[in-house]
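S.K.: The residues making up each chain are set out below.
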Amino acid sequence: MTSIARRRAAVVASGVLSALIAGIPALAQERADGGPTLDFAAATCGAAGDLEAEFLLAEPLDAPAGTAHTVVDVRVETEAGPLAPTMIGGTLRPGAELPGPGEGSLSGAAHVPAGGGRVAIAVDLERGAETTTVEGSALVEPCEPAMPDEELEVPDRVWGPYGGKRAIPTHVSPTGGQTTHPSVLYFPDGWNGYEYWMAHTPYPGSNSAHEDPNIAASHDGVNWVVPAGLTNPIDDQPGLPGPYNSDTDLAMGPSNTMYLFWRVVIPDLMQERIKFVSSTDGVHWSAPAEAVRSSMSVRRPLSPAFAYVDGHWVMWAVNITRSPNRVEYAVGGATPAKATWGAPVPVAVGAMQREKEPWHLSMRKEGDEYIGLLNDTVVGSTGRDGDLLFLAGATPTDFANSAKSIVPRTKPFQHDHLYRASMIVSSQYDRPGYRMWYSARMALNPDVWNVQDVFMHGAQVHGAP
Amino acid sequence: MIADFFQRHRIAVAAAAVPLVVLTATAVTAAPPEWLTAHTVQEQSDASPNFRRVAIDGPGATIDLLGQPEPLDTGAFAGEVDLARQPGEEAMTTANLVLASSGEPGLAFGQVAVSLRAESLTDYQYNPDEQSLVVEHGLEFEVERAPGIGVRGEPVFLYTGPLRLLPTEAVDPPVFPPEGQTFALPAPVLLWEGADGVTSSEPIGMLTGFALTVTHPA
Chain E
-11 MTSIARRRAA
-1 VVASGVLSAL
9 IAGIPALAQE
19 RADGGPTLDF
29 AAATCGAAGD
39 LEAEFLLAEP
49 LDAPAGTAHT
59 VVDVRVETEA
69 GPLAPTMIGG
79 TLRPGAELPG
89 PGEGSLSGAA
99 HVPAGGGRVA
109 IAVDLERGAE
119 TTTVEGSALV
129 EPCEPAMPDE
139 ELEVPDRVWG
149 PYGGKRAIPT
159 HVSPTGGQTT
169 HPSVLYFPDG
179 WNGYEYWMAH
189 TPYPGSNSAH
199 EDPNIAASHD
209 GVNWVVPAGL
219 TNPIDDQPGL
229 PGPYNSDTDL
239 AMGPSNTMYL
249 FWRVVIPDLM
259 QERIKFVSST
269 DGVHWSAPAE
279 AVRSSMSVRR
289 PLSPAFAYVD
299 GHWVMWAVNI
309 TRSPNRVEYA
319 VGGATPAKAT
329 WGAPVPVAVG
339 AMQREKEPWH
349 LSMRKEGDEY
359 IGLLNDTVVG
369 STGRDGDLLF
379 LAGATPTDFA
389 NSAKSIVPRT
399 KPFQHDHLYR
409 ASMIVSSQYD
419 RPGYRMWYSA
429 RMALNPDVWN
439 VQDVFMHGAQ
449 VHGAP
Chain R
40 MIADFFQRHR
50 IAVAAAAVPL
60 VVLTATAVTA
70 APPEWLTAHT
80 VQEQSDASPN
90 FRRVAIDGPG
100 ATIDLLGQPE
110 PLDTGAFAGE
120 VDLARQPGEE
130 AMTTANLVLA
140 SSGEPGLAFG
150 QVAVSLRAES
160 LTDYQYNPDE
170 QSLVVEHGLE
180 FEVERAPGIG
190 VRGEPVFLYT
200 GPLRLLPTEA
210 VDPPVFPPEG
220 QTFALPAPVL
230 LWEGADGVTS
240 SEPIGMLTGF
250 ALTVTHPA
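Chains as they are written, first to last, in our numbering: chain E, -11 to 453; chain R, 40 to 257.
Derived from the structure by calculation, the hints contain no laboratory data. Don't take every hint at face value.
Unchecked claim - Distance ranges between label pairs, derived from CB positions:
#1 R287(E) to A147(R): 53 to 63 Å
#2 E169(R) to V271(E): 42 to 52 Å
#3 P73(E) to P212(R): 54 to 64 Å
As the list claims (entries may be wrong) - What the simulated footprint calls covered on chain E by chain R, stretch by stretch (three residues with Cβ under 8 Å from a Cβ of chain R suffice, anywhere in the stretch; the number is not a length):
#4 204 to 218
#5 283 to 296
Each residue gets a CB set at the ideal place from its N, CA and C atoms; glycine is no exception.
Using the sequences and the hints given, assemble the complete structure.
M.R.: Given below as structure tokens:
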């Protein structure tokens, strides 16, 4: 066995803030003579304080030609313990074939704790009946979120860098799995033991069989757990070609009660439904009830967002019955039950980006104003090349938007499509702004979903907080 | 529920010329793989120079779009597959598949083209042990237009997930090429709208019917 030190690093820029180089490898790779090499490539500290360590696996140039090695397993361990498989992105994954000598490499990027320290990686390989394990490690330095300065505040613009990936426990992957449709509520003094509550729908590999409403909670918005006593999912549907769930939204109702809403599509019946449950402790939830039921040929309310305002429920949704999709608003009664809803009215959300239309949204009432996040899509598509626009309006039916995406669509190794997001009014380093959890997708190689957490500047856009 | 899809009326979709590349990857390599040598194998020779190029035909594909009350059918298709060329080379566009209208009355949405999505030869193969056709990256349908999807005047691209076609009748022993055998989709596979191979986030429906027959080596 030999040890070869490599000192390579890459900087990945995000918006105005550039990422910081954080890692210097102490021990780059180990290899069996003639076998594949596992090199440390770079440690990248994102502006949001997320730290990634990248390793490259390749055949040495002098390797004999033959059947390719196949990756059987990839394990990464940090000083805080082993990482969940979902925290390792890139092409270095089980089932991948190692390119031949001189033909390239497989890249694995592990989302490691911001505190840095030693990161060890082991890759099990198989070639015919032969099995091999290749190991490597690196010592990476701590990563801190970028300190804002005066230049970060841009008049009339809400913006942020790409976020830090968060491990969200799902009923499919309890240690953290692919998920989307985050909806977050914040309680400064806590609610049943946690300051942050999130609803989301696991979507590993875009498999609708797992897209069922889940609940998670957190003390800091970074580390998420399933509250003791709660079993996810809240509702379970089989997925296509049968019925499937999607589009979660959390809202507080009267009597300190939390409501969870989600969408159900029933292809056989040509129906769309919006269901809800409620809870006073976040653990025990009521039986599902219906807020909306509609025929697909009449109305398809996507990504519903709810609020309890002045004694009655209100709802926004994106009607996708026919392109261009339109945002709608409806006023309900004292409960979200379907019989109480008035006819939906159109909502002005400002000019869309070129060749884009609305896709998903979240909304909240903040003081006297309404603010929201609008996820767009290519016209005529069903969630592609999405960006996130900030919405602000004095009424629930008339909004101005940010004109362009408030966070970059692309984050290396992690996302190239932005999706449904949720935000709260917050501050960072005593600067007002918004904290956003957004879902995003890496569409190719492979299809992966994740949730990112970022602070956005520009609170003066709507005058709060 | 699946039965319901097929019980609905069909809408004829005129279909047209397209590239389709099918079948095995391993047959292209210099040395036949182990599984191939265990079966009856037709060797390439001067007398049969093109066995790797096979002709196929099929009754068409059935597509069920969410929100649409009726499924869509393509017309029957026929084409030729050249297994001797690497995917991504000209073979992909010269092995044309000609789709014809099924002739049934109904609302026509224009021509349809179908091709295999392949990044390497191993992405599609015929496995004689299971007598199945495996398409690792699925099919790409280019549709002149489709109800409720895309922008009028621009083609719509629909993508399936990975799929495996099973023989409608087993042959013992398996032969290669599987001349005369028909392979069909055993169960619906998800269908996605997309562009340039990148799919959207939410499925738009399912491919509920697809079958092809290897007619003969060209």
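S.K.: Confirm or reject each hint.
M.R.: Cross-check of the supplied hints:
1. Against the hinted window of 53 to 63 Å, the Cβ-Cβ separation of R287(E) and A147(R) comes to about 28 Å, which falls outside the hint.
2. Restraint check, E169(R) to V271(E): a C-beta distance of roughly 47 Å satisfies the suggested window 42 to 52 Å.
3. In this structure the supplied range 54 to 64 Å is violated for P73(E) paired with P212(R), their Cβ-Cβ distance being about 41 Å.
4. Here's how the segment 204 to 218 of chain E fares: 0 of its residues keep a CB closer than 8 Å to some CB of chain R, so the rule of at least three is not met and the hint is violated.
5. Here's how the segment 283 to 296 of chain E fares: 3 of its residues keep a CB closer than 8 Å to some CB of chain R, so the rule of at least three is met and the hint holds.
Hints 1, 3 and 4 from the earlier list are contradicted by this structure; the remaining hints agree with it.
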